[in-house]
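Colleague: Each protein sequence line maps, in turn, to chains X and H.
Counting in numbering that gives the first Met the number 0, the first sequence runs from 0 upward without gaps.
Counting in numbering that gives the first Met the number 0, the second sequence runs from 0 upward without gaps.
Only true hints are included.
List of simulated lysine to any residue pairs, SDA-like, C-alpha gap at most 20 Å: (1) 53(X) to 57(H); (2) 42(X) to 31(H); (3) 42(X) to 1(H); (4) 5(H) to 54(H); (5) 49(X) to 0(H); (6) 49(X) to 57(H); (7) 53(H) to 0(X); (8) 1(X) to 38(X); (9) 1(X) to 54(X).
No lab work stands behind these hints: they were computed from the structure.
There are 2 protein chains.
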Amino acid sequence: MKNNVKLARIKRSMTQQELADRVGVTRQTIGLIEKGEYNPSLKLCVAIAKELNKTLDELFWEVESD
Amino acid sequence: MKNNVKLARIKRSMTQQELADRVGVTRQTIGLIEKGEYNPSLKLCVAIAKELNKTLDELFWEVESD
DNA sequence: AGAGAATGTAATATATATATTGCGAATGTA
DNA sequence: TACATTCGCAATATATATATTACATTCTCT
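Make a model of the complete structure from these sequences and hints.
Modeller: Here it is in structure tokens:
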């Protein structure tokens, strides 16, 4: 479950805690998603994408690397 | 959690059972996702999208209606 | 070097996605 | 009519996403 969340978050100079608060989860959840160890729910993916001004595809579709 | 899964599946003339088999879940899970009552995992969303030759955005991003 | 913020990570608890089984309704078709 | 296919829809069981709490590590700033 590789993704571009960490990259997009840092570009917007947000902390994990800030993003977590804005999408209504804990910092740990964001951390594990960024690490690629979680398989997050669609609802959470959408919330994260909107918060980071990205689409689902930009964050989660066929991510090559970072 | 509205989406375009049912529409895309029928366009490819697949049954719920076929799609379920190909993405490795049960027919019930597909049915509930199509009905919009589930909050599926990202991994499952990606599997469904690939099976239906769509992207995440096409199936799950800001779906207006069907 | 020290302090504070941001992050990594682990243990246990809880909520919920998904499986399993089964039945009923609608549809097509022989 | 009868049979098969597809789908809707329950009830219960299981797996796993997420919360909670806590501590360690890394980085930045003074």
